[in-house]
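K.L.:
These are the residues of each chain, in order.
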Amino acid sequence: MFSRAYRTAITVPPLVWVAVFLLVPYLLMFCYSFWSVSESGAIVHSWNLDNYHELLTKPVYWQTLLRSMWIAARVTFFSMLLGYPLAYFLSFHAGARKDLYYQLVIIPLWVSYLVRAYAWKTILGTDGVLNTLLQYVHLTRHPLDFLLYSPFAVVLTLTHIYTPFTFLPIYASLEHIPRNLVEASHDLGATPQQTFWRVILPLSIPGLLAGATFAFVLSLGDFLAPLLLGGPSGIMISNIVVSLFGAAYNWPLGAAISLCMLALVLALIFFSERLEKKWSFS
Amino acid sequence: MARAPSPAKASSAKPIAMATTSEPEVVATTTPGTASLLSIRSIAKHFGRNIVLRDISLEIAEGEFLTILGESGSGKTTLLRILAGFEHPTSGEVWMQSQRLDTEPPYRRRVNTVFQHYALFPHMTVEQNVGYGLAIAKRPAAEIESRVAEALAKVKMSAYAKSKPSKISGGQQQRIALARALVNRPRLLLLDEPLSALDANLRRQMQVELKALQREVGITFIFVTHDQEEAMVMSDRIALLRSGELEQVASPREIYNRPATSYTAQFIGHTNLLQADIRQGTATCGALQWPTSLPDGPARFSLRPECIRLATTAQSAIGSPEKSTVVRFRGKLRDQVFHGGTDLLRVESDAGLILTVRTASRDLPEAPIEFEFSAADAIPVRATSLASDSSPSSSSSSEDRP
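Same order as they appear, the protein sequences are chains A and B.
238 is the number that numbering that gives the first Met the number 0 gives to position 239 of the first sequence; each next residue is one higher, with no gaps.
109 is the number that numbering that gives the first Met the number 0 gives to position 110 of the second sequence; each next residue is one higher, with no gaps.
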């Protein structure tokens, strides 16, 4: 048993940290979202629901939110499409090279997000690597302009960045499956394909859900990729929040949007965890 | 479904009513020991430089209960995994009658396995677990339902059909694993130390039940265990495996009464190993002497503790015609361990030889006691290369294995 003083010493600092840098800001945001800004640009501390009303009535906000969710959904889909087979291969068929491949998947996470986003800019741009190559091999005559500054570029970049995040929980859940269950399935007459659909996939659902939640939540709140690569058509809800807190100087409205996103994300995580629990058996 | 026809598949062509009744009869009509079902031919298995099995050949009869007995690391589980199809032999072949087995993947063998830790699918109910093989074989739903119900009734688990495996006890999971394998009516059932995780009482009960079940269904069982007592209770034959080689294959009685090697004699039950010297038909070990038909030279004999008894004056007074075959010696009691109905004694004979003796429980005097045994009970055994066997005159097997 640890002494009382020791326990206090190790638990209080993190609690203070969380309180000062997480709970207090959230509380402030919560308050701001019910206030407003005067003509002169000062915060008016009068409680009302105007910001939430504006959110629901002005199409630009909820449309951007829907578009962001649509982008996040596509990112989720593609990163699972890439992450699951990768994780499956590593877990079941990589043999002795498992650790090497695992490192290769993880290493991109060490590279700064900004560097990776810029890399896509140089690949996808009008004079970028991809367009130059396409013209060089005479597949296209003019540079393709939908590559950069489009939702396509945002989805591509975010998929690249968040695939390792979906890979990791899926891989962990696959590694967690006792191999004798796979053998038992084969023993009972199931081919490898049948075993995958009836045993491996159902048992990896918790990892799949966790991975999907990661990809969706992280890409929904992303503002750098749309800023660098999205162009006008690739604007996401976080860009609006950034500009409301910055150039537009409308903190109350920005706070209201942030809280809506927070509620959305928390609800998502809540349901995803419920589902994960339902599908975990260990 | 581009799947090559398998025996399991072929049987699905039969009408349902036929299939539910005919398959076990085919197996049951052949009595144990008549026809060979499985033929293991010169199987060897290497994992890199590590040789796990070398040159294993074994014929297993239709309807037989064969136990592969061995210490951990003897290769018994590897041999079982080769039969199930989870490992490929480095060399050698496995045949099931006219079908070569070792080249087939596990899902095309009419072999089912009861895994050591049961390996029940955690996301399925007990019922779904048992019906898995039938569902994979695409049997009609009504047939699956009735066969699953029948299998669950057979292992007395009908009440738990809708439970998840995590909600039932280890012994119950064990029964489900058994039902899940047997419901497919395999030609051969492999059991990988299925009772090792159960407590002693339940294990004894399951041994009896399992043996009865095997007689009832008539399916060939290959049972792997490290527990020699378990092997004795259940098997028609025991194949004793040692460091990847077959030491002896025989019925429990024969392997106990006539062990071929000193390793077998020591591994199966307790024994006294006597290192004797033979001259002109007489074996000498310390103060003991008995007649033998073996040629001159050193030899090794196994003498079971229960074959040595307290010599009574009455017996010696009778002076039977076979008197010459009864060997008598005086010994001092060193140690007496109570084992319930019997006592295990450690007796030091006049020449310093230590012998283990099993007698009915009783109080014994401090003074030297007269013991005797029949010369016929001293079984000559082949020496084995174990370093521990080279002790000069006698050694007895280690204490009771847990």
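It is worth saying that the hints were derived from the structure and are not from the lab.
Backbone N, C-alpha and C define an ideal beta-carbon position, used for all residues, glycine too.
Heads up, some of the hints might be wrong.
[Claimed, not checked] Negatives, chain B to chain A, calculated, CB over 10 Å:
(1) H45
(2) D54
(3) A83
(4) G91
(5) P104
(6) Q115
(7) H116
(8) L119
(9) A152
(10) D226
(11) V232
(12) A286
(13) R299
[Claimed, not checked] Quick list of in silico lysine-lysine cross-link-like pairs, DSS-like style, CA-CA up to 27 Å:
(14) A:K276 with B:K137
(15) A:K277 with B:K153
(16) A:K277 with B:K210
(17) B:K161 with B:K137
(18) A:K277 with B:K331
[To be verified] Derived coverage of chain A by chain B (criterion: at least 3 residues anywhere in the stretch with Cβ under 8 Å from a Cβ of chain B; other residues may be distant):
(19) 178 to 186
(20) 197 to 206
K.L.:
For each hint given before, does the structure comply? Return the numbers of the non-compliant ones in rising order.
P.N.:
3, 5, 6, 7, 8, 14, 15, 16, 18
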